[in-house]
Every structure is written in structure tokens, then in C-alpha cells.
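J.: All chains should be built: construct the whole structure from the sequences, respecting the hints.
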Amino acid sequence: MTVEIERHSDVVVLVAEGVLDSLTYRELRDAVIKAALDEPGAVIVDVNRLSVPSASAWSVFTSARWHVSTWPDVPILLTCRDPQVRRIITSVGVARYVPVHPSFEAAVGAVEDVSRHGRRRSRAQLPPTGVSVRVARSLIQAWLAAWARNDLIAVAATVATVLVENVLAHTDSAPVLVVESYRDTVTVAVEDNSHQPAARHEDAGRGAEMLSGLSIIAALCRAWGSTPTSSGKTVWALVGPENEL
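With the numbering used here applied, the sequence shown has no gaps in its numbers, which climb one by one up to 403 at the end.
Since the hints were derived computationally from the structure, they do not count as laboratory data. Hints may be right or wrong, so weigh each one.
[What the hints assert, rightly or not] Simulated DEER-style distance windows between Cβ atoms:
id, residue 1, residue 2, range
1, Ala327, Arg207, 35 to 45 angstroms
2, Glu400, Ser167, 35 to 45 angstroms
3, Arg239, Gly288, 45 to 55 angstroms
4, Ala306, Asp240, 32 to 42 angstroms
5, His353, Arg278, 24 to 34 angstroms
6, Glu175, Asp231, 23 to 33 angstroms
Ideal placement from N, C-alpha and C gives every residue a C-beta, glycine not left out.
T.: As C-alpha cells, then:
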């Protein structure tokens, strides 16, 4: 894996070449994060020379995005000429947070669009106790009210309840709550220090009694996912107007 760095005005362009797999995942992710920490106007990654045997490896860019989402909040975008590869990137959910464009020029134009619409984001470290659920719900109510997103407070608070309870039940972490509002959507994410991916678990023999919290998330939300990070993982859920409770 090689990553060349180019500068175009206020934008940093990373040209990645090689195979993106489990051996090179962290190398590429860290290169993207490092570029963002220099606080350019945006980081644009040219992926035209990448070979990606497993579609799930594209999540490297989602992981990088969450690492810099609180600070310095630099947009990360991809450029890819191949429409089939763009469809794959979109199908695995990466494009929801790291948009993919057919050319450098299109990506630069999108940077201005992101700036106009703006993202609002808040983050809070929660205690590793049951009080975290109440704190998370209170924070979401305050943040979304301040952002004039009262319509999604109920569903976002429900999502946060499930995600925080999962962290307390299945890890020894102090949850970190991240809430983001962008255009008509709100994302609720909870970070923990466990590298075990979040997964739905149901017991066919006991039916709804064993319905997992993530099954509730899947039913309530437009999309959800589990993104690995250097310290554990981030489980996130995206809600829109159609998810209003």
C-alpha cells in the first residue's frame, strides 16, 4: 500500500495504490486521519488505484471519518471513476458518511455543498453505570432541541437507550455518545472499547422474549452499523423523518 499526498489549494488529496485488506486497513485509515488532523478544508481520497477484494474493507473510510468527527471536523470524500465500484462503496454504507464522487472536480464542488448545509455534532463521555441511559436521553433532548430537530428526539432517545444499554451489558466500557444532525437526518452513535462487532441475536425457541436491542434499532432506523476503531468500535444508527415516533 502506498499513499501519495498532493495539495490543491486548501484541499489535501491522498492517492492510494495497492491492496486494501486486513493487513493494510489500519495503514490507510491512519493516513487519512493524519491528513485530516492538519486541518485542511477537506481530505479527498483517490481510490482509483486500489484493489479491494472484500467490500467490507471500504469501511476503513467510515472509521477514519468517525475518528475526526469531533475534531477537527474535516470533510472526507472519495473519488472513483468506476461506477460499479461506486455502487459497491454505496451498498456497504460508506457513502452515507464519506461521499464518493466520479471526479476530483465533483468532490471539490461537494465540499462547498457540505459547508453550506453544515453538520452539527455533539459528543459526551458517559459514566459506566446505569445512569448513562438517563444522561444520554437528556443530552439528546437538549442537543436536538437546540438544533430545531424536536421531531426526532423521541426516536433518537430510544436508539441511544438501546446502544448505551448494550455497551453496559456487553462490555466494561464507559460509553461515549456522539450525536450528529445533517440535512434531514440525525445519527446517534455510541463508542466503546470492545473490538467485538455488534450483531443481532435472537432465540428462535423463545421468540420475541429474546428479541435483541439491535433488532429494535433495525426496525426503527433508516440504517445502522458497527464500525471498528483503534480503541474498540462505534455502533451508529441513522434516522430520518420517516422514523419519527
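J.: Would you mind marking each hint as holding or not holding in the structure?
T.: So, going through the hints one by one against the coordinates:
no.: 1; hint: Ala327 with Arg207: 35 to 45 angstroms; in the structure: 43 angstroms, holds
no.: 2; hint: Glu400 with Ser167: 35 to 45 angstroms; in the structure: 39 angstroms, holds
no.: 3; hint: Arg239 with Gly288: 45 to 55 angstroms; in the structure: 51 angstroms, holds
no.: 4; hint: Ala306 with Asp240: 32 to 42 angstroms; in the structure: 40 angstroms, holds
no.: 5; hint: His353 with Arg278: 24 to 34 angstroms; in the structure: 30 angstroms, holds
no.: 6; hint: Glu175 with Asp231: 23 to 33 angstroms; in the structure: 28 angstroms, holds
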